[in-house]
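Same order as they appear, the protein sequences are chains A and B. For the first sequence, counting from 1, position 159 maps to 159 in our numbering; every step adds exactly one. For the second sequence, counting from 1, position 267 maps to 267 in our numbering; every step adds exactly one.
No lab work stands behind these hints, which were simulated from the structure alone. Any given hint could turn out to be false.
Using 25 Å as the maximum straight-line C-alpha spacing, the simulated PhoX-like pairs for lysine-lysine come out as follows [unchecked claim]:
#1 Lys98(B) with Lys190(B)
#2 Lys244(B) with Lys98(B)
#3 Lys145(A) with Lys163(B)
#4 Lys168(B) with Lys33(A)
#5 Lys168(B) with Lys145(A)
Since this is a predicted model, take the numbers as computed values, not measurements.
In case you want the letters, here they are:
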Amino acid sequence: MSVRIVESNLDPVEAIFDAEHPPGTPWMHEIRKGQIFRIVDLEGNQAVDTLFYNAHDTQERYSLIDTILAQGNLYLSVGTRIMSSEGRPMLTIVADTCGRHDTVGGGACSSEGNTVRYALEKRFMHNCRDNYMLAIAEHPAALHKRDVVPNINFFMNVPMTPEGRLTFEDGISGPGKYVELRAEMDILILISNCPQLNNPANGYNPTPVRYLVWDAPAAETGAA
Amino acid sequence: MSIAASPDALAFDDLPSLARASVPDHSTSYSQELALWRERMPGGFHWSGLLRRGNSLRITTHGPNANVSALFYNFEERSERYNMPDTLKGQSTAYLRKGLVCYSDMGRVLCSVADSSCTWHDTIGGISDAAQVDRQYGAKRYQEHRNAMHRNARDGFLTQLGKWGMGKRDLVPNVNFFSKVMVDEDGNMKLVPNHSVNGDFVDLRFEMNTIVVLSTCQHRLDPGPRYEPTAVELMCWRSGTAGKDDLCRLSMPENGRGFINTERYYL
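With the sequences and hints as input, model every part of the structure.
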């Protein structure tokens, strides 16, 4: 497997937004076209379940299928254009020190899914879908369950083999690794910092992540 | 902090007797006498309908290189729908085949792939849209070509979803029956050409009352320059639901639990 590592030269001191996000909670935030959004996997192997919406029309949203078809490849890495359900670029991955991020394993974990995958008794464990439901209920964008579609799992490693198996592998992420995206339109971000304890997605130990946002300076040419 | 996995976790045999009695002892195999209706669906067209719990839809190809794109919604609560990642993760697979099932986002089985002559059904290849069809095959408008005009699956899906009061917000990753998309170790996707042959079939047994939306447009990754979508036959037959001895139920413990969730919904 080949992965491409591209570091960023952006300085956290110059970020206009810098916050730590504890595991097991949702987060929603708007960024503007041209801004750079970085997610840092502070302690390593933390799945960051992420959805993107057009901030002005949330009916336009991240589309797993449009994204993988546009690049003819299943995984996200530097150069990937995150595509919308209208076939338009939403964000571009401009830097990445992890190298690969999951798409098709990307159903946010849920109570119901946990009953199937692990045991009926697992219904009452905290999960990403619960985070999503609560976050959209509280947010003025008035998102509905219908808008919660298969998401990106940043830092997660779910390879599909040529034989068609799909397995949860130990992450290839590590402490301090990050992914950086440039917004190609105004974007509403919806994230659940994954609380899953039943598989290696989070190394069985969900940990905080950090978000930074930079304005696009005149000198910033996207050549990161 | 973790709820430990119990070695004697709840399973079918632990259910109350009334719940167990709601499940037939055996699954029913196909036979012609069980047919309820049939309809030929031309290539490139779209279709939707309600398939009731306990009925099966047999789709049979009328030519080589068929593709049937499909989406599934719970008739009673349409925000419950086919969920591609849950279907794949839950069964550790990237494609569908006999013995696997289509999960909703609520941990229930919308339908089972009870039987199929085709060993791989695509889940990651998406659907064609107008721009791609125009680019690849050339535009053919209704004005000049009438019902031989070129169609695409996205428009077909949206047309059918509209009839049930649904729309773009309900468009999610779909299944492509009779198609095979492989990926290499680096994740590059490729359609395997001529994967299906004339007469291939799949039996979808509906375990829930399900709105089924279909398109017979060519696969999005079909590399050929010719617009030649393949017709299929739709045949609905009375199969009943999955028996206690059912292949899909017993194919893995995950599916055993998925069926318990599904059957509880109808008790």
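Hints versus structure:
1. Restraint check for Lys98(B) and Lys190(B): the C-alpha separation of about 22 Å stays at or below 25 Å, so the hint holds.
2. Between Lys244(B) and Lys98(B) the CA atoms are separated by roughly 17 Å; this keeps the pair inside 25 Å, and the hint holds.
3. Taking the CA atoms of Lys145(A) and Lys163(B), the gap is about 20 Å. The hint holds against a cut of 25 Å.
4. For the hint pairing Lys168(B) with Lys33(A), the CA-to-CA distance comes to about 24 Å; that is within 25 Å, so the pair holds.
5. Between Lys168(B) and Lys145(A) the CA atoms are separated by roughly 13 Å; this keeps the pair inside 25 Å, and the hint holds.
Of the hints listed earlier, there is not a single one the structure fails to meet.
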